[in-house]
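Undergrad: Read top to bottom, the protein sequences are chains S and V. When the letters of the first sequence are read in order and numbered with the working numbering, they come out as residues 1 to 199. When the letters of the second sequence are read in order and numbered with the working numbering, they come out as residues 1 to 195.
Worth flagging that the hints you see were computed from the coordinates, not collected in a lab. Be a bit skeptical, because a hint or two may be false.
As the list claims (entries may be wrong) - Simulated crosslink set (DSS-like; lysine-lysine; CA at most 30 Å straight-line):
#, chain 1, residue 1, chain 2, residue 2
1, V, 145, V, 98
2, V, 39, S, 87
3, V, 70, V, 154
4, V, 62, S, 87
5, V, 83, V, 156
6, V, 155, V, 98
7, S, 60, S, 5
8, V, 62, V, 30
9, V, 134, V, 98
10, S, 87, S, 5
11, V, 156, V, 116
12, V, 27, S, 87
13, V, 83, S, 87
14, S, 87, V, 47
15, V, 68, V, 156
16, V, 27, V, 192
17, V, 145, V, 187
18, V, 39, V, 84
19, S, 87, V, 59
20, V, 30, S, 87
21, V, 68, V, 27
Unchecked claim - Partial list, derived from the structure: chain V residues whose beta carbon lies under 7 Å from chain S:
#, residue
22, 6
23, 7
24, 11
25, 12
26, 15
27, 22
28, 40
Treat the numbers as computed from the prediction; the structure is a model and nothing was measured. Beta carbons: idealized from backbone N, C-alpha and C, even for Gly.
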Amino acid sequence: MAFGKEFTKGFWDLLPPFRLVLGLCPTLAVTTSAENGLGMGLAVTFVLVCANCIISLIRKVIPSKVRVAAFIVIAASFVVITELVMKAYFYSLSTLLGIFIPLIVVNCIILGRAEAFASKRGVIDSFADGLGIGLGFTISLTVLGCIREVLGYGAIFGHNIMWESFRPFSFMVKPPGAFVCLGLLLALINFISMRQKAR
Amino acid sequence: MREILRLVVVLSIICAVAGFSLALVHKVTKAQIDYQQVKFVKEPAVKRVLTGYDNDPIKDRKELEIGKDKYGRPQFLLVFPAKKEGKTFALAMETYGKGYHGDEGVMVGIDVESGKLTGIGITSHSETPGIGAKAVEPSFTDQFKDIAIQEDVKKKSDGGKIEALSGATLTTNGVLSAVNSALKYYKELKDKLIS
Chain S
1 MAFGKEFTKG FWDLLPPFRL VLGLCPTLAV TTSAENGLGM GLAVTFVLVC ANCIISLIRK
61 VIPSKVRVAA FIVIAASFVV ITELVMKAYF YSLSTLLGIF IPLIVVNCII LGRAEAFASK
121 RGVIDSFADG LGIGLGFTIS LTVLGCIREV LGYGAIFGHN IMWESFRPFS FMVKPPGAFV
181 CLGLLLALIN FISMRQKAR
Chain V
1 MREILRLVVV LSIICAVAGF SLALVHKVTK AQIDYQQVKF VKEPAVKRVL TGYDNDPIKD
61 RKELEIGKDK YGRPQFLLVF PAKKEGKTFA LAMETYGKGY HGDEGVMVGI DVESGKLTGI
121 GITSHSETPG IGAKAVEPSF TDQFKDIAIQ EDVKKKSDGG KIEALSGATL TTNGVLSAVN
181 SALKYYKELK DKLIS
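In isolation and in its complexed conformation, chain S is listed as follows (with noise of 0.2 Å):
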């Protein structure tokens, strides 16, 4: 099943800011809180798997001179529409998330996957890659969101989960603390890998 499988790379071997080490300016900048994590995930699958789909139909077309004009145009497009409809529908959380909805356009994991897949395979084969690698994204994020909203304010979701004389570790909410746990993730997901590889 091809279809299949380039769906659940994006969860595992290309999982985009542990494996692919891209996208690392919204997952270091927006994930004070799972809530921001999740949303910011939510809009970058959404512009990948829509650029994604888009740059494979058209792919015959474009001439290869001009190919990083037409996908950052066409990857920017989407941006704004999401930009639009987040501040009409969601407008707290696009209060919230702020300059990195703009910032998406500049995200190398959609020039990424322009260049290195979309641009080469089918319609189906890269929204299946799209849509894996854009969830692999959104729950990296929202997972380092949930590591640091639980020590940072004893909450998960904005509802209190820790016991009552927790002391919150106010640092895992500044910006140092989304380094620190996001270097022990990638530590943490690295030490698998090689075991993995060792068997």
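Given chain S's structure and the hints, the job is docking chain V onto it.
TA: Below, chain V without anything else, positioned relative to chain S:
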């Protein structure tokens, strides 16, 4: 030569399609985005001065043209009606007065039936912290509750009821001029506002 032409045409078509679809999305979402922005910025102040309504004052808001600024651009007055069973019983409108540092925005609530102020809320200002900025505190704004609107609202030193903020006469004057211009618009445009 032919290759360059092809590059130009393909890229132009892609950009044109992108531009067209963005214009379409913009048109569809514009009203909703305006609503969200007004709601986010103004709703807290509207809620402070209006109570007991069963409509959505943000959705029912009206924009009335009230003249032009010095560049000839039209200026608008934002009015939020509070309705109960379809009948407007109070209004909130945002007006501006000149304070010590630039304009102060004031949300003025007016009870249509009793002809009294329901209260005011400061929506924006850049007054001195600790002195003029005290204008946002309830101890100052609560004085405006239940004041009759037949005459202009005045400070105590001018024979009115409002205790001026000490050390911030200009701030107080700015708030009063905003309130009084709201009353002026209300009296002029009453029929348009309530219908």
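Undergrad: Decide, hint by hint, whether the structure agrees.
TA: Each hint tested on the structure:
1. Annotation: proposed proximity of residue 145 of chain V to residue 98 of chain V holds, straight-line Cα distance about 22 Å (limit 30 Å).
2. For the proposed pair residue 39 of chain V and residue 87 of chain S, the alpha carbon gap of about 12 Å is at most 30 Å, so the pair holds.
3. Restraint check for residue 70 of chain V and residue 154 of chain V: the C-alpha separation of about 28 Å stays at or below 30 Å, so the hint holds.
4. Restraint check for residue 62 of chain V and residue 87 of chain S: the C-alpha separation of about 22 Å stays at or below 30 Å, so the hint holds.
5. For the hint linking residue 83 of chain V to residue 156 of chain V, the alpha-carbon distance of about 34 Å lies beyond 30 Å, and the restraint is violated.
6. For the suggested pair residue 155 of chain V and residue 98 of chain V, the alpha carbons sit about 16 Å apart, so the restraint of at most 30 Å is met.
7. Taking the CA atoms of residue 60 of chain S and residue 5 of chain S, the gap is about 24 Å. The hint holds against a cut of 30 Å.
8. The straight-line distance between the Cα atoms of residue 62 of chain V and residue 30 of chain V is roughly 16 Å, inside the 30 Å bound, and the hint therefore holds.
9. Between residue 134 of chain V and residue 98 of chain V the CA atoms are separated by roughly 16 Å; this keeps the pair inside 30 Å, and the hint holds.
10. About 35 Å separates the Cα atoms of residue 87 of chain S and residue 5 of chain S, which puts this hinted pair outside 30 Å; it is violated.
11. A C-alpha spacing of about 18 Å is found between residue 156 of chain V and residue 116 of chain V, which places the hinted pair at or below 30 Å, so the restraint holds.
12. At roughly 13 Å between alpha-carbon atoms, residue 27 of chain V and residue 87 of chain S fall within 30 Å of each other, so this suggested pair holds.
13. Among the hinted pairs, residue 83 of chain V with residue 87 of chain S is consistent with the structure: their alpha-carbon atoms are about 28 Å apart, no more than 30 Å.
14. A C-alpha spacing of about 22 Å is found between residue 87 of chain S and residue 47 of chain V, which places the hinted pair at or below 30 Å, so the restraint holds.
15. Our distance criterion of 30 Å between C-alpha atoms is broken by residue 68 of chain V and residue 156 of chain V, whose separation comes to about 33 Å.
16. Proposed proximity of residue 27 of chain V and residue 192 of chain V is supported: the alpha carbons are some 28 Å apart, at most 30 Å.
17. Straight-line distance between C-alpha atoms of residue 145 of chain V and residue 187 of chain V comes to about 19 Å, which keeps the hinted pair within the 30 Å bound.
18. For the hint linking residue 39 of chain V to residue 84 of chain V, the alpha-carbon distance of about 20 Å falls within 30 Å, and the restraint holds.
19. The hinted pair formed by residue 87 of chain S and residue 59 of chain V meets the criterion: a straight-line CA distance of about 16 Å does not exceed 30 Å.
20. Taken as a hint, the residue 30 of chain V and residue 87 of chain S pair is honoured in the structure, with Cα atoms around 10 Å apart against an allowance of 30 Å.
21. Between residue 68 of chain V and residue 27 of chain V, the direct Cα distance comes to roughly 27 Å. Compliance with the 30 Å bound is thereby established for this hinted pair.
22. Evaluation of the residue 6 of chain V hint against chain S yields a held restraint, the C-beta minimum of about 6 Å falling below 7 Å.
23. About 5 Å separates the beta-carbon of residue 7 of chain V from the nearest beta-carbon of chain S, less than 7 Å, and the hint is met.
24. Residue-level restraint check for residue 11 of chain V holds (minimum Cβ-Cβ distance to chain S is 5 Å; threshold 7 Å).
25. A least Cβ separation of about 11 Å between residue 12 of chain V and chain S goes past the 7 Å threshold, and the interface hint is therefore violated.
26. Below 7 Å, beta-carbon pairs count as interface contacts, and residue 15 of chain V has one with chain S at about 6 Å; its hint therefore holds.
27. Restraint check, residue 22 of chain V versus chain S: the minimum CB separation of about 6 Å is within 7 Å; hint holds.
28. Look at residue 40 of chain V: its Cβ gets to within about 6 Å of chain S, closer than 7 Å, so that hint holds up.
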